[in-house]
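Heads up: the protein sequence lines correspond to chains A and B, in order.
Under this note's numbering, the first residue of the first sequence carries the number 811, and numbering increases by one thereafter.
Under this note's numbering, the first residue of the second sequence carries the number 64, and numbering increases by one thereafter.
Derived from the structure by calculation, the hints contain no laboratory data.
Quick list of in silico lysine to aspartate or glutamate cross-link-like pairs, DMTMM-like style, CA-CA up to 20 angstroms:
1. A:Lys863 - B:Asp133
2. A:Lys848 - A:Glu948
3. A:Lys961 - A:Glu908
4. A:Lys961 - A:Asp892
5. B:Lys140 - B:Asp110
6. B:Lys203 - A:Glu825
On a predicted model such as this, the values are computed, not experimentally measured, just so you know.
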Amino acid sequence: MYPFHHPFDRPVHYEGLFPVTNRYTYGIASEKFFRALKEEGIILGTHCPHCDKLYVPGTIFCETCLSELEDWRAVDNVGRVDTFTVLYKNLDGTYRTEPEIVAFIRLGDGGLVHRLAEIDPKSVLIGMQVAAVFKPPEERTGNILDIRYFKPV
Amino acid sequence: MGLRKVAVVGAGMTQFVRRAQETPKELAFKATRAALDSCELSIQDIDAICLGTAPDTFDGIHMNGEYLSDGVGALGKPYIRSYVGGGTGVFVPIQGWYHVASGLFDLVLVVAEEKMSSYYPHPQGAFLTIFDHTTERPLKPNLLWIFALEMNRYMATYGISKEDIAQVSVLHKRNAADHPAALLGDKKITVQDVLNSEVLAWPVQRLDVSPVSDGAVAIVLAAEHVARRITDKPIWIEGVGWSLDTAYWTNRDLAYPRYVEVAAKMAYEMAGIKEPRKEIHIAEPYDPFDYKALHHLEGLQLADRGKAIELYLNGSAKRDGNLPICPSGGLLGVGNPIAAAGLMKIAELFWQLRGEADGRQIPGSPQKGIAQAWGDLMQVGTVVIMGK
Chain A
811 MYPFHHPFDR PVHYEGLFPV TNRYTYGIAS EKFFRALKEE GIILGTHCPH CDKLYVPGTI
871 FCETCLSELE DWRAVDNVGR VDTFTVLYKN LDGTYRTEPE IVAFIRLGDG GLVHRLAEID
931 PKSVLIGMQV AAVFKPPEER TGNILDIRYF KPV
Chain B
64 MGLRKVAVVG AGMTQFVRRA QETPKELAFK ATRAALDSCE LSIQDIDAIC LGTAPDTFDG
124 IHMNGEYLSD GVGALGKPYI RSYVGGGTGV FVPIQGWYHV ASGLFDLVLV VAEEKMSSYY
184 PHPQGAFLTI FDHTTERPLK PNLLWIFALE MNRYMATYGI SKEDIAQVSV LHKRNAADHP
244 AALLGDKKIT VQDVLNSEVL AWPVQRLDVS PVSDGAVAIV LAAEHVARRI TDKPIWIEGV
304 GWSLDTAYWT NRDLAYPRYV EVAAKMAYEM AGIKEPRKEI HIAEPYDPFD YKALHHLEGL
364 QLADRGKAIE LYLNGSAKRD GNLPICPSGG LLGVGNPIAA AGLMKIAELF WQLRGEADGR
424 QIPGSPQKGI AQAWGDLMQV GTVVIMGK
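So that you can see chain B by itself, here it is in the shape it has in the complex:
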């Protein structure tokens, strides 16, 4: 296709917290500064900037992309904000990738920011108006409802128990205890804790869900010839994919995320990956809910349908297992500032593949990792494959 190779050469992030003192712009600045410092670049070196942030309603600022622009150093540079709902954090590096792969820019800064705590009393309110105003809104649906319906469908289709699904939450929150930026890391959490947490909308309980969070993440992308001047450990973006399912969620197979499958197949083909279960060494599937990690692992073709839970039950998903899953701690553990959470997964693959993940480091020498997010009207799949 005549595309150039693109590497990640730097990454930085803020703490993920329930309510940050910083403004959205200040959060974005802190992540940007950390990413630039990590690869010893200044903003003058950067050719263009891609910013991801979810609905303006979270930060509470209309035209939020424009508001954030000076915090990420966009003054006088080509700048674009993308938004594909929860999928944004893994889409914005794809957007950055094609800025560089196309040959248009050599160095691109990619930033994702979210400050959900501004929305008061609860950011869930931002989702009350995403449903059809005549057929659904009179019933007052919210996202917990919808995911409870989907989770129940998934459990019933494959005969999976709540006890087993709780293992996902336990592993991710335990992993997050090793992440210095994590909000909900907990080394001691048990399946029983998850099953004893309050029921929000059955079968979804409090500890099945990721927390509302504030935070920002930034990475620096470079064309091959520039990347090799900046670092001797570039991490390549080897494949990208994204795909949209039907806008109407009831027209979908709720037990299987087709949107993830299509996006993953696009990315695998680009990366030349024929046997993902052998070639992928780290997976960071999108895990806003514990069952969603399973759902997405199946869409990513890393497990047969209904069988992703076995990766958790047989120990494969642990950091020292055959396919470590969410070694970062994921959204369930590190936190879920929507767009920033997806880009956190990209940053995690960067640190893991470089051997810089400290207490979270996967043993051996992992060669390839995959990150995925999901969003829009629960319909978009975004996938990035990275390798050494």
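Just chain A, same shape as in the assembly:
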């Protein structure tokens, strides 16, 4: 019935690599965003005056009207939980010792996906206010993990 399929034989194979390494530039917008995160501990967005939209993280263009954005604004470090999930297993299939909470936190008209901590997973509510907890300035490197996590206000 399956002339070419022998379930107990492995096909003869050949091993190879498909290596890819990258060195990304932050970009015009992200460089500004991450410098502010690292050096000032603030979250920056850009405002489109035509569409009245506040992009967080800031971008150099409005995706709706495609105009160039130059109005950079610091947004409040407090946002609302738009949605969340609780992670129980690692990528390799092993169980986590502690579950991890990941949330989408609404800031302006955008927001960040980040960790939630200092709260029991069972107590997380959609719509609750959470605040960014920053690493101390000397430990920040210009990375999204310069924000350690968000915690309930």
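Once you've looked at the hints, dock chain B against the given chain A.
Below, chain B without anything else, positioned relative to chain A:
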């Protein structure tokens, strides 16, 4: 065939550079904004968007077409990304052309972007895995190898010297000195400089090859009735062609690009061109390597086999010659951000035919131009003919 006439009505591009600070998306946005501004349109006027970018591995983002979409204003619009390797930059305007020619859309934005510098340590790495994994990859081939083999075959078949082929690189890099977006323009470069540059894989030397680059280009296509409202200088897409050769490069005649011939004949027939050597006034053949420009000119039927070099030796290829070749400066001079480089050639024909090419302007009043690119597994030919 019931196809509508399609015009290019606007064009814009970023600087071509070795390593851009911008993200791929920001590069695409800047070219898009420049193209829209050039014809005073807003993104709301655009009906659909065609985007071209080469392998995802260059930008380093899987699903790169989708990632780039907001930078080109695709939000809420019909959008498609095409990829035919190095041929992408001349294929994506063909795709845009049939979006409009078919009657489906009146105004289509066409964008091509590449950020090769993300791939580290060198974008050549993206090509290490394009070869057959059992018969070829154990030998660790790369593209320089392959083109060295092809160049040697081409030189041996027709008895062409390295000194003569170096003239191609010299002319293109000198032309590029007049292009404000160029990476490697050099008014003073000589044949001796090319012959003295380091040997990478004989007979290919450093200055025989185009540079790794970052950049983006965008054009706006319009149906005839819309084009005439936007501009009094529409440049028409009169013929398009594309064709695929065998996927296995050793099954090919390495001295002659059949894939370009088939694509060119399709485009000439559509454009009603019977005598290309008389009717084409500007040629922008794909020139990632200097010998490749010659190869492609022959495939485009603009020279007999083995004779394209004469266009350079007798001065025809210069801007004031009988058949100006790569007046932009080509990939060898302006740079080679893969998909963007091909669309740069389309933008160059647009500016040349409108008389807006500034220091690069071809004298007289050129009526028709041809642009061509080549790619996939070194097997696709893509051709566009444009006219006033």
